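**Q** Below, each chain spelled out in residue letters.
There are 2 protein chains.
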Amino acid sequence: MSNITTEQMRFWSPAVRELEPYVPGEQPKIQNLIKLNTNENPFPPSPKVVAAVQAVLEHSADALRLYPDPDASALKQAIAKQQGVEINQVFVGNGSDEVLAHIYKAFFLHDEAVLYPDISYSFYPVYSQFFAAKTKVIPVNDNFEIDVADYKQPNGGVIIANPNAPTSIALPLDKIEEILQANPDRVVVIDEAYVDFGAESAVSLVNKYDNLVVCQTTSKSRSLAGLRVGFAIAQAHLIAALEAVKNSFNSYPIDRFAIAAAVASFEDQEYFVEQCQKVINNREKLVKDLEALGFKVLPSKANFIFVTLPAKDAGKLATELREKGIIVRYFNKARIDQYLRITIGTEQENQRLVDTLKNEILK
Amino acid sequence: MSNITTEQMRFWSPAVRELEPYVPGEQPKIQNLIKLNTNENPFPPSPKVVAAVQAVLEHSADALRLYPDPDASALKQAIAKQQGVEINQVFVGNGSDEVLAHIYKAFFLHDEAVLYPDISYSFYPVYSQFFAAKTKVIPVNDNFEIDVADYKQPNGGVIIANPNAPTSIALPLDKIEEILQANPDRVVVIDEAYVDFGAESAVSLVNKYDNLVVCQTTSKSRSLAGLRVGFAIAQAHLIAALEAVKNSFNSYPIDRFAIAAAVASFEDQEYFVEQCQKVINNREKLVKDLEALGFKVLPSKANFIFVTLPAKDAGKLATELREKGIIVRYFNKARIDQYLRITIGTEQENQRLVDTLKNEILK
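Residue numbers (the numbering used here), protein chains in the order written: chain A, 185 to 547; chain B, 185 to 547.
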């Protein structure tokens, strides 16, 4: 905000003057970079996604003049079927970030503080500030693990990324059940952006717990970051709160192309399972290769790994990798400033990362 | 919310329990209806829009795995060029409803009340409630006109739809300048969703007034309601506030298809001008035909008209039209419950409306 004068600031709502917005990972416009910085899938979406958008162009391009279904019912139905829940247990939004924003508004504005880990998705503190939600940040332990005992105190809601980001560590479902049982009067949100790469989804617990909201996205495991479709699964009474919020903010968040494309993705379960397995395989190979180079790698259930090299400053390493055309994510933040978050790439990309480290940077 | 129990409501943030969400016009799934209820354009978008999405599918479908540009710079550039402003004077969002929501958060949360007309876009009171904005509703006069003198009192911001909806009446720019001059310390928002059908845009005033925000949409005049792209034009210091809000809510609101499609629309000025003129021509014809049937039609600069038939109850008329396969918008609201808002259709649709009224309903 440095170029805005105090005089100009008089127009801004006072609370907005204090906002510290989220800073997304860089989307460089440079060609031929190896982009391992924003946890995108290295593989393209299902060919059926492309075919579905093609079909919209061929058969209903004129319908672009018409608003989309405000409820995106076709998409909710496809998600419900794939997830094994009822359609009224599904909420959809313009990316899981919008879903999370609506979750904050719907469930977290109580008198007590929302709880989340200190090392987690860096949008949570941004939402807390945006919605003026009372907040208590809970440190993870020295192994970057969440201790569920910390979430058994009075609170205004709990949000936990599982697997956590940027640590990549997953909590097992029995630990999540402990948190759910300890908070019968508050909503517990499990943010499962990365769950499809080997962790256990809490969707299987939705019918058992009336205080559970699970949030997922099509951006990672479905290779649709370019499309902006996120969703939440919960019992119908919680989905109703999200709908009330959404319909007080923006009636039609999901456009006609996005609805058609996402439906096609959810209908192609075979492709989805295959691609996730490929990412997992690539991850296991990359972990071994980096460990052989002396890296310490946290146990990952995500499509990224969180690594540190005891002999080398992490910020410096990120800079040197960038000079070689490889971007990874570095967080200049207490506790994790000696770590790098590296997205799992294709076999070729991962190999080039390993070769660059071995032959050029650490030689 | 009738099916949510009080016990289940304990999870909801207290303020959310009170929300009265916006109710969009019906999007019926029935075929062969004449749909004159949501102010969509009767003509399809530019063929270049379809070609642009086709090009994404052919040349960069794999890029769907990647996040879109969070700033949608290509789209901002296309809008800036078409509107004759700088790129840092453009803000884009997921439909103009999202842009309006961000405007509320960015500019309207002061100690004084936001002002808007009693008869106007029915999302304004929803935003006021959602953001807990102090609000003072100003009655339009008996001719449904805005008296600018009413907007010269202390306030926390002003929002006026121009042309106004559902009245269709436009304010001339000199009247808007009076409001801008009377409020040097507060933002005045001119919501121009319908401006391209014959009203004067306040975009020409943006460089003159540091307190002006103009909001527009691609949903009406560009036939892209199905795509969800809205935008605001203002001086850079005001755009910065909107960016701070947007980046605290959702980093990537506009997907890759929507960016490509909207860019193509802004680059096809010739098609845009032609289609708007066709809608205006159809409007003028429809107004004459309805006046011949005894309707009173407010003077419209929009792609809809606001009409009343002294001899017939408006709600009853809407019901009878629906029975004949024609949907128009009826607001069961004080002051306007004897009016219908009718979207301008194709020549054939308008003719069928007139014929149905003449030969079946009013015979």
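Read the hints as simulated data drawn from the structure, not as lab findings. As the structure is a computational prediction, the values presented were derived from the model and not from experiment. Treat the hints with care, since some could be wrong.
A pair holds if it fits inside one copy or across any two, identical chains being indistinguishable in the list.
[Said to hold, decoys possible] With a straight-line cut-off of 30 Å between C-alpha atoms, the simulated BS3-like cross-links for lysine-lysine are: (1) 392 - 542; (2) 232 - 320; (3) 265 - 213; (4) 232 - 547; (5) 232 - 359; (6) 359 - 318; (7) 517 - 265; (8) 320 - 472; (9) 496 - 320; (10) 508 - 336; (11) 359 - 496; (12) 213 - 232; (13) 336 - 469; (14) 392 - 480; (15) 472 - 265; (16) 547 - 336; (17) 318 - 213.
**Q** Among the hints numbered above, which are violated by the structure, and what are their numbers in rising order?
**A** 1, 2, 4, 5, 7, 8, 9, 10, 11, 13, 14, 15, 16, 17
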